Amino acid sequence: MTDLATLELDLINAIGGAESVAALEEVRVAALGKSGSVSGLLKGMGAMSPDERREQGPMINGLRDRVAAAIAARKAELEAAELDARLQAERVDLTLPARPRRKGGVHPTMQVMDEMIALFAEMGFAVAEGPDIEDDFHNFTALNFPPKHPAREMHDTFFLKPDPETGERKVLRTHTSPVQVRTMMSQKPPIRIIAPGRTFRKDSDATHTPMFHQIEGLVIDRDIHMGHLKTTLQTFIARFFELDEVQARFRPHHFPFTEPSAEMDIRCDRSGGKLVFNTGDDWLEILGCGMVHPNVLKNCGIDPDEYQGFAFGMGVDRLAMLKYGVPDLRPMFDADTRWLAHYGFSAFAAPNPASGLS
Amino acid sequence: MKFALSWLKDHLETEADVHRIAEAMTMAGLEVEEVLDPAAKLAPFTVAKILSAERHPNADRLQVCQVETVDGLKEIVCGAPNARAGLTTIYAPIGAYVPGLGVTLVEKPVRGVVSNGMLCSASELELSDESDGIQELPPEIPVGTPVAGLFGAEPVIDFEVTPNRPDWLGVAGIARDLAAASVGKLKHFDIAVVRGAFPSPITVRLDAPEMCPVFAGRVIRGVKNGPSPAWLQKRLTAIGLRSINRLVDVTNLIAYDRARPLHVYDVAKLVGTEIVVRAGQVSAETAHIEGGEPEHLIALDGKTYAAAATDCVIADAGGERPIGLGGVMGGESTGCDETTTDVFIESAWFDPLVIAQTGRALGIHSDAQYRFARGVDPVSVTPGLELATRLILDLCGGEPSEIVFVGEPPASPAPFAFDPAYVKRLSGMDLDDDRIGTILGQLGFLVTAGPADQAEPWTVTPPSWRRDVEGRADLVEEVARIEGFDSLPDTPLPEVARPAGGVLSPRQARVRTARRALAALGYAEAVTWSFTKQSTAVLFGGGDDRLVLENPIAADLDCMRPSALPNLIQAAARNAARGFADAALFEIGPIYLADGPKDQRTVIAGLVAPHAARHWAGSGEDALFAMKGDLTTLLEEIGAPVASLQLAQGQNRDWWHPGRSARLQLGTKNVMVEFGELHPRVLKALDADGPMLGFEIVLDNVPEPRGKGGKARGSADLSAFMPLTRDFAFVVEDAKPVGDLVRAATGADKALIAEVRVFDVYRGKGVDEGFKSVALEVVIQPRDATLTEAEIEALTAKVVAAVEKQGGKLRA
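Here the protein sequences line up with chains A and B, keeping their order. Under UniProt numbering, the first residue of the first sequence is numbered 1, with each subsequent residue one higher. Under UniProt numbering, the first residue of the second sequence is numbered 1, with each subsequent residue one higher.
Because the hints were derived from the structure by calculation, they are not lab data. Be aware that a few hints might be false.
[Unchecked claim] Quick list of the computed label-pair ranges, beta carbon to beta carbon:
#, chain 1, residue 1, chain 2, residue 2, range
1, B, Gly807, A, Glu79, 51 to 59 Å
2, A, Gly301, B, Leu393, 34 to 42 Å
3, A, Thr141, B, Thr104, 50 to 58 Å
4, B, Gly618, A, Ser37, 40 to 48 Å
5, B, Val106, A, Ala206, 41 to 49 Å
6, B, Lys303, A, Arg270, 38 to 46 Å
7, A, Leu275, B, Leu718, 53 to 61 Å
8, A, Glu285, B, Leu718, 42 to 50 Å
Just so you know, these numbers come straight off a predicted model, no measurement behind them. Glycine included, each C-beta is placed from N, C-alpha and C at the ideal position.
Chain A on its own, in the form it takes in the complex (with noise of 0.2 Å):
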């Protein structure tokens, strides 16, 4: 064996051998650095005739190019399994449980709310407001409940205390339809709006509370019959309740304010302990409806010969309760957080028409 062939086999063994890169690098020094075995060997042909350095530079370079790539081969091993170590070392226990965070969410009456108004709002309708408290000339006289009239007992209205100069008692909304009378008085036919918002009855069973919720609507034009009335309603209803169609009665009822007046049913099904709708034998009321009374028109400022239209109005947590299955009304206004966390709804669950309404 030749010197060169023994140095090639010292140095590819050293390489081999070395552990780290630290030792990597001492064995290249010892080999490529300034006074290396190989530098040496490559110095040296400096000194060498032609005839012998045509014969020994190749092999000297050979040499070198060899030595080189497997110092660079073997670090590239050693670099990898560097890393592998130190990563098994950073190595954490991902069961442990994160940071938990409160989970939010909309409280069902506002997320149905807001589904009425984005299907209203379909519909062309404008959303209008009211103050909670009221006087009596917008929640009942200009309604045209007659003062003393026996339909004003069926509200079991909330007063406040007389005004100590005036004497006036103001009542707390019994209904939205003081919003009608402030909508009509603001501004002129055609009108189309719904008012939502909060009302108060003094009530407290099982199925009624002191404070409640509601949803108004009102359409005031020319040529508006209670056909329209029918369809805007039965559509809406539908809609609301996610079928393609509901099918409903409209049966005659009373209130002051429209004149004729209906409530509307749907027809469903209680008998399995769920309801189902479009099926069955029963009938479950929905929502007041009517034409608007020519003397709330007048008692407007509108002519109810020039104008007439149509009104509705229905409770917005019983509906939520209807269509998401809260059975009971009394915990929607208690606030426990275990009850709003399995009945409430997504922040991102707003509705649109293109995913639905939640």
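Since the structure of chain A is provided, determine the placement of chain B on it from the hints.
Quick look at chain B alone, frame taken from chain A:
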């Protein structure tokens, strides 16, 4: 109100069954609450005959009977002492539900002998309250006859009458509507005039015609009062009334039959010969005292009532002695009983508002009060009296006097012009004029051709019992409900242009955004009462007497809330009491500053009860600053001018922790938000364990974003140059708000300083007592070119100068 089917059939010829009638009533506007059909529960029971009865082998008191039944011969065990061979009785098969026992029969041995059914008593079938043994029936009734038909147990309809239709408080009125709705044919019967044999010895004086404008009466002498005959008792008890005696039962019968209340007085108990109808007054005994005591009266219900000047009183003894509350209830002193021989019948008309008021004020309700308060047909005064006379003569005998009739009935509803085309215009229903006229006619309206100079072709006069009808819309309702709302056309609303920017006002849109933003930030939305307790309202700056309810639902809900926080605090406390102390709640709703229409505000209120569970990685962010971060995010989401908001500390109102709360304001006049920790004193008063943190944004105070330039945004200012940062540490007095230093540093060069971050606040070794070191990282964003060292030097000098102006000293 209730009626039995047979009663209706007195007025209506119909083959319709009770369910069809209930359906027709519903669709005509009478809200049927319940159809009670005793026949349905009697359906399984039939007549059977006992062929033999032998003692049970294992029980002395039981007998084993061979019974001929509809199902053939059955062996039935019976414990009734009267079970005997030859008895015709009632048989219940296996599987029948026995209503009086509340059990369904199953085939099982009784002391070793299988009983194949049951023999029943009347009480087991709920046909009577008590029974002595099994029912004994006449032997001629064949085996297999349904029991339902034997006992006259007939269906009863229970329904609600809306306040506009007092005529529906009589069965005859319902029959009229049902006839119009084609359920049957109305039976008319004339009420015969009964000629009086002598002048009425009792006269009537009306001293309060505004309360009682008309009063008719007559005496019938020589009557024989006593228990009513079975048919009358049955008729009354079937609808839940108590049979009292013939005279009283006649008045109740006519009240329910004709919606015509009457009253009967025992003439022997009257003092004097004159009945006076007047307003309530002070009692004679106390009339001499200033103010006096109101007169008192013991009514037929045995209770004593004080009559005020707003109540209508019936009096005798020259008007001195109150003997009844007119239109409401008679007095005990002159009531008719078994001993009555001479009776005075009253048929009057009382003003609905007076009667409603008396009912409310005295808390007294009767069938008469209910009817008069809603409005009785004034024309029924005389016919009602004649009908009562006829019935009393039939039941009690006697001799009637002439009628005494005083006053004038109120005017009947006035005729008005009507164009039948209005039916289509308002209801959309296309009916021909004949049909419209027929419906109105069947309901008792008089339809005539209008005068030549009238634009509308018809003149319509409502019947005297329809005082609710006052105009053309009412007529459309009559026609539409009788034709049936099922015939309404389907007409979509005409398309209208939608508002280009959506239908919500900016404030309404903000409420929506805030709701979704807070939900995303981990807050659960609550909806709580608009009320609170007055003393609680006072704690939160409210509680004005003008916001206190006169009739609260509960003593602790008697005042309109000045803030949504107390309800949220109490909600969190309730959750804690249930074992769930950690809570983040919010509510978007009203608060009430005063009682005017413009005094209501919408607030976005949040409440955090920070009780995070322990975590293996240690405690997380400080709860107060976490909430401040949520609040800032929320304000940005709703487009509040966050950059211009000033934070002021130490000025919050009483319910906040004085050192751990602040307000965000635009100048001192517009405080938009208060936030921080709630005052422990307030939490204690609300029985809530602290700490609790909260915020309340008065949404009405958040200015709407300006700029009418549409929705397009200005061009983005994205610098091409790397930002660089420089750190500073300043020593300032401990009391100095860090925010002041940040604002000063930020303002040192508005063009180049993009942000100032606080990365350390240090007190202790190396910093003098009463001072703190605040470390700031200033982010410098070069705009047009990379900054030179000299420029950076100049900028840092400006930062140092600005902060030193605030009392900060650059730390060496």
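Here is what the structure says about each hint:
no. : hint                            : verdict
1   : B:Gly807 x A:Glu79: 51 to 59 Å  : holds (55 Å)
2   : A:Gly301 x B:Leu393: 34 to 42 Å : violated (59 Å)
3   : A:Thr141 x B:Thr104: 50 to 58 Å : holds (57 Å)
4   : B:Gly618 x A:Ser37: 40 to 48 Å  : violated (57 Å)
5   : B:Val106 x A:Ala206: 41 to 49 Å : violated (34 Å)
6   : B:Lys303 x A:Arg270: 38 to 46 Å : holds (42 Å)
7   : A:Leu275 x B:Leu718: 53 to 61 Å : holds (56 Å)
8   : A:Glu285 x B:Leu718: 42 to 50 Å : violated (60 Å)
The structure fails to meet hints 2, 4, 5 and 8 from the earlier list, while all remaining hints are met.
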